[in-house]
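One line per chain: the protein sequences are A and B, in this order.
The first sequence begins at 199 in our numbering and counts up by one.
The second sequence begins at 6 in our numbering and counts up by one.
Just so you know, not all the hints are guaranteed correct.
[Unchecked claim] Covered by chain B, according to a simulated footprint, are these stretches of chain A (three or more residues, beta-carbon under 8 Å):
no., segment
1, 242-248
2, 256-264
[As the list claims (entries may be wrong)] Sample of chain A residues lacking proximity to chain B, with all beta carbon distances greater than 12 Å (derived):
no., residue
3, Ile273
4, His294
5, Trp295
[What the hints assert, rightly or not] Pairwise CB distance ranges, derived in the manner of DEER restraints:
no., chain 1, residue 1, chain 2, residue 2, range
6, B, Ile21, A, His294, 40 to 50 Å
7, B, Leu103, A, Lys309, 41 to 51 Å
8, B, His56, A, His294, 14 to 24 Å
9, B, Gly14, A, Ala299, 21 to 31 Å
10, B, Thr13, A, Lys309, 51 to 61 Å
11, A, Ala299, B, Asn58, 24 to 34 Å
12, B, Asn58, A, Lys309, 22 to 32 Å
13, A, Gly282, B, Ile21, 27 to 37 Å
14, A, Ala211, B, Ala61, 38 to 48 Å
15, A, Val281, B, Leu103, 12 to 22 Å
16, A, Val277, B, Gly137, 19 to 29 Å
Derived from the structure by calculation, the hints contain no laboratory data.
Note that the structure is a prediction, hence the values are computed from the model and not measured.
Quick reminder that beta carbons are idealized off the backbone N, C-alpha and C, glycines included.
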Amino acid sequence: MATKSRVHHANYAEIWAILVALLLVSVGGSMSSTRGVVLVAAFGVALVKAYLVAKYFMHVNVEKRWVPYLLLVMIAFVVIFFVGVAPDVMKHGGLHWSNDAAKQAVESGMKAAPKHE
Amino acid sequence: MANTRSATGIPNARLITWWVIASEIVIFGGLLSVYLMHRLGHPEWGAAASHTNTWAGAFNTFVLLTSSLCAVLAHKAADAHDGQRAAKLLRLATLGGLIFLTVKGFEWTKDVHEGFVLSSGGFWSYYYTLAGLHGLHVLAGMVIMLIVAADAAKNQELQRVECIGLYWHFVDIVWIFLFPLLYIAR
């Protein structure tokens, strides 16, 4: 049997139409030659789309309060992991170390495809 | 039924689904983070990324969004105790998954024919790993949706419709982030 619904069902077709419109914005933005526009169109719009899906399709906002907290804690773990590891991966050298293989890969890759930088 | 019992204020089936999603956040989040930090440290990957087909990625995003719409409408039908309609909508959502995987299959075939395989470079390793892991989740979701739809058509276990919907929307959200990372950022 179905449990009693706790959810107020929104106009889902309307939410879907907004999501598709946002998809068109991100595709349109990706054609821009301005890097900032591409990034906002790609990742800014992705965040808004994810929020809409989580709120209106997954109904996270009407779930028990600890559920969104649980999800946020998981996201926080991912952020902590990123902040902790990223400096060593994104930078190819520091005060007492050098990642020569990565430096060479970037150098040879950029020579092979100069138009992408 | 055990999965409609509740010790936390949430029926057990939904509780377990949220736990699965929480653990998936760490799995996909970790993988996406590692890709992102490498991508930012390797500007030359932009050349490899320019080979991915933005239109195919955008079409697949459209397909998954539409499939998610079907899944949430199935949840609405299940709440109205209309199992037949819920089953029909879940099967439509499954069809969306099938279209998604078919497009992915064509894309990968083209990529492989052009010589871009898992070992072609850092970008391609992540491309196949991320999209492949996501594809496996799509496949798993399709199988579960068909099983849930079979019961729902008999007006049985309708609470499961919402649970598989939650999982399917999460798979959609993962793709929402994979699309710009693999198809737009160059």
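Exercise. Looking at the structure, which of the earlier hints fail to hold?
Worked result: 3, 8, 9, 14 and 15
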